[in-house]
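*Asks:* Here is how the chains run, residue by residue.
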Amino acid sequence: MSILVKSGTPILVQGITGKEGSFHARAMLDYGTCIVAGVTPGKGGDWVLDGKIPVFDTVRAAMEATGARTSVLFVPADQVADAIFEAIDAQIENLFCITEGSPLQDMMRVKAYLRMHNTRLIGPNSPGLLSPGQIKLGIIPGDIAVQGNIGVISRSGTLTYEIVNMICQSGFGVSTCNGIGGDPLLGCEFVELLELFEADPQTEKILLIGEIGGSFEENAARFVSQHITKPTCAFVVGRSAPEGRRMGHAGAIIEKRAGTAEYKMKVMKDAGIRLASSIEEIPALLLSL
Amino acid sequence: MRFFEYQAKNIFDRFNIPIPRGRIALNAVIADHIHDELKTDVVIKAQVLAGGRGKAGGVRLAKSSDQVEDLSTEILGLTIKGLPVRKILVEEAVRIRQEYFLAIVLDKDRGFPLLMASKFGGIDIENAAQAGEKIISLPVNPLIGLLEYQVRTVALAIELPKEFWEEFNRITISLWKLFCEIDADIVEINPLVISENNGLIALDAKISVDDNALFRHPELIEYYDLDVEDRIEYQAKKFGLAYIKLSGNIGCMVNGAGLAMATLDLIQDQGGKPANFLDIGGGANAEKVASGLKILLMDRRVKVVLVNIFGGITRCDEVARGLLAVQKENNVELPLIVRLAGTHAAEGMNLLQQSGFIVAGTIAEAIKNCVLISKKSKRAS
Numbered sequence: 263m264s265i266l267v268k269s270g271t272p273i274l275v276q277g278i279t280g281k282e283g284s285f286h287a288r289a290m291l292d293y294g295t296c297i298v299a300g301v302t303p304g305k306g307g308d309w310v311l312d313g314k315i316p317v318f319d320t321v322r323a324a325m326e327a328t329g330a331r332t333s334v335l336f337v338p339a340d341q342v343a344d345a346i347f348e349a350i351d352a353q354i355e356n357l358f359c360i361t362e363g364s365p366l367q368d369m370m371r372v373k374a375y376l377r378m379h380n381t382r383l384i385g386p387n388s389p390g391l392l393s394p395g396q397i398k399l400g401i402i403p404g405d406i407a408v409q410g411n412i413g414v415i416s417r418s419g420t421l422t423y424e425i426v427n428m429i430c431q432s433g434f435g436v437s438t439c440n441g442i443g444g445d446p447l448l449g450c451e452f453v454e455l456l457e458l459f460e461a462d463p464q465t466e467k468i469l470l471i472g473e474i475g476g477s478f479e480e481n482a483a484r485f486v487s488q489h490i491t492k493p494t495c496a497f498v499v500g501r502s503a504p505e506g507r508r509m510g511h512a513g514a515i516i517e518k519r520a521g522t523a524e525y526k527m528k529v530m531k532d533a534g535i536r537l538a539s540s541i542e543e544i545p546a547l548l549l550s551l
Numbered sequence: 029m030r031f032f033e034y035q036a037k038n039i040f041d042r043f044n045i046p047i048p049r050g051r052i053a054l055n056a057v058i059a060d061h062i063h064d065e066l067k068t069d070v071v072i073k074a075q076v077l078a079g080g081r082g083k084a085g086g087v088r089l090a091k092s093s094d095q096v097e098d099l100s101t102e103i104l105g106l107t108i109k110g111l112p113v114r115k116i117l118v119e120e121a122v123r124i125r126q127e128y129f130l131a132i133v134l135d136k137d138r139g140f141p142l143l144m145a146s147k148f149g150g151i152d153i154e155n156a157a158q159a160g161e162k163i164i165s166l167p168v169n170p171l172i173g174l175l176e177y178q179v180r181t182v183a184l185a186i187e188l189p190k191e192f193w194e195e196f197n198r199i200t201i202s203l204w205k206l207f208c209e210i211d212a213d214i215v216e217i218n219p220l221v222i223s224e225n226n227g228l229i230a231l232d233a234k235i236s237v238d239d240n241a242l243f244r245h246p247e248l249i250e251y252y253d254l255d256v257e258d259r260i261e262y263q264a265k266k267f268g269l270a271y272i273k274l275s276g277n278i279g280c281m282v283n284g285a286g287l288a289m290a291t292l293d294l295i296q297d298q299g300g301k302p303a304n305f306l307d308i309g310g311g312a313n314a315e316k317v318a319s320g321l322k323i324l325l326m327d328r329r330v331k332v333v334l335v336n337i338f339g340g341i342t343r344c345d346e347v348a349r350g351l352l353a354v355q356k357e358n359n360v361e362l363p364l365i366v367r368l369a370g371t372h373a374a375e376g377m378n379l380l381q382q383s384g385f386i387v388a389g390t391i392a393e394a395i396k397n398c399v400l401i402s403k404k405s406k407r408a409s
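Just so you know, the sequences run in chain order P and X. In this text, residue positions in the first sequence follow our numbering: the first is 263, and each later residue adds one. In this text, residue positions in the second sequence follow our numbering: the first is 29, and each later residue adds one.
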């Protein structure tokens, strides 16, 4: 079983006719993901991806026609808040926002709106979700992972691919790999996904990939020590980062001493989470859990 | 994007937040001219993007023409926290009865704005907070906006005399409007003062705007100041690349901030020193890769270039094409180590076969190699 979705879950793609949207919708479809419709305002009635997938003007119309409750969002940053609000109002249950570079104040309003609704937002700036052999949502390359019992959560995209690829080449497999997103303001934190992994029978061990800035790792550590019974290990990047400078990810900025890699590693260690000090160490660490 | 005090005050003025009369000067002669215009004592303030200007001697009171010229020259010769002073703000000196701190800050941990205030203005507010001095902070619901009762709550907490409540309300609501309208993540008045003329006035101004939102504020581009940033950082920004200068000699280009940070950590663990952080982002095309490489080559400290790509949304063949384009155009003389994995990696590596670039099979191999080269060339130079 995957967390959040499963093999055969019907999926909408918001922004399916855009450059990124169409490229990755095809990759998802090729992987076996059950994409049932796309949404692009003004392009309702079109059929895309070799005429297989219908496009609707609104999320609500797409949901009514297909019964889908999960959406993957590739809408450009200047329109992303509008697309998220539309999905929330249409009562999408799980929304994966891949878009990078959303304005902070837009996300601050989105977060306030989410508190009053039942939609679960993953992202923005999330690479999506991959449950090897079952389903792929977003932009995680499908061929880097095989099915297994390790649940992986992270804040970044490419670093996660790197690590997932390596642990799979070392003989491990992944239950679900999910990125919460690289932005400072996110729909879901590590905590919500840890809870889902705890309940997922396929997941036996959890690998958390953190980075400098914010306090998602600290919150996760607290949660793990109180609520997670499955063996959990972590890897944190950004030890070499200069203080006060933003390292690409809007989230990855050390604002106070609290956001440093050292501090996060200490808090996690104190919470009983085993830590890898380099990427190469991760497979051995997983083996020892 | 951060603003100089004079730029932030200019924006305050647009939103009818009262500021002292004054202007910016590039030299002592203009400063004296402004002093003549104002016909009163002036304060000369160094314009740098750093706190602690007062302590560093960057804020001085001048009462005569001679003093204005002397102090202006002195301040323009200062370097504050590593930043040279290139401009000074000359403005009327305001006689202060009481100083307050007032700010609206986007709390990134909690995801909503905070209205913050203190009756201890004019000081380093973070140190004040640590010293246990009271700062009131009220969360603002971003869907409702700042409410007048919240402003009154703050006025009461900072013991603002009641005769100033109306004006305080007007200023605070204006500050909120400004915060929302220009997509700020910080707007701060420290100090907001009651002057001896019995009016509230913003003696200092600090604004920081969310870079992700700059696309909808073309009007702010005119505030963009070349002095603020390094020339290479400025070029990188123009190409839409996330670049940060570091102190070493290994030029790094990576896709994705997480992988880039991991790469820098690994270089450091191996005893090497990265010259920069450069994230080409997701889905970079050949052109963007080429501009990234050009940026790295502009940096004379760089002795070896490391390109580490794990393609997801980025296609490795596009990366290879970008690298080859630069080589064709101006022949890359530095050793360049490339490691490609993920989407279209095989195609990318094929393209690079005849290039003369060093193609590494793993991230560990690539980093070992480039640290080795960086140390050798250090000895040679």
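Just so you know, these hints were derived from the structure itself, not from any lab. Each hint should be verified, as a subset may be incorrect.
No more than 20 Å apart at the CA atoms, straight line, and that leaves these computed lysine to aspartate or glutamate pairs for DMTMM-like [as the list claims (entries may be wrong)]:
1) P:Lys467 <-> P:Asp532
2) P:Lys373 <-> X:Asp137
3) P:Lys281 <-> X:Asp345
4) P:Lys373 <-> X:Glu209
5) X:Lys266 <-> P:Asp532
Every beta carbon over 12 Å from chain P, so not counted as near; a handful from chain X, in silico [unchecked claim]:
6) His61
7) Ile124
8) Asp135
9) Lys136
10) Phe148
11) Glu195
12) Ile272
13) Ile295
14) Lys301
15) Ser319
16) Ile391
A few chain X residues that don't get close to chain P, going by computed Cβ distances all over 12 Å [what the hints assert, rightly or not]:
17) Ile210
18) Ile229
19) Val237
All of these numbers come straight from a predicted model, not from anything done at the bench. All C-beta atoms, glycine included, are put in the ideal place defined by N, C-alpha and C.
*Asks:* Next, verify each hint and record whether it holds.
*Replies:* Comparing the hints with the structure gives:
| no. | hint | result |
| --- | --- | --- |
| 1 | P:Lys467 <-> P:Asp532 | holds (19 Å) |
| 2 | P:Lys373 <-> X:Asp137 | holds (12 Å) |
| 3 | P:Lys281 <-> X:Asp345 | holds (17 Å) |
| 4 | P:Lys373 <-> X:Glu209 | holds (19 Å) |
| 5 | X:Lys266 <-> P:Asp532 | violated (43 Å) |
| 6 | His61 | holds (37 Å) |
| 7 | Ile124 | holds (30 Å) |
| 8 | Asp135 | violated (9 Å) |
| 9 | Lys136 | violated (4 Å) |
| 10 | Phe148 | holds (20 Å) |
| 11 | Glu195 | holds (27 Å) |
| 12 | Ile272 | violated (5 Å) |
| 13 | Ile295 | violated (7 Å) |
| 14 | Lys301 | violated (9 Å) |
| 15 | Ser319 | holds (16 Å) |
| 16 | Ile391 | violated (7 Å) |
| 17 | Ile210 | violated (10 Å) |
| 18 | Ile229 | holds (28 Å) |
| 19 | Val237 | violated (10 Å) |
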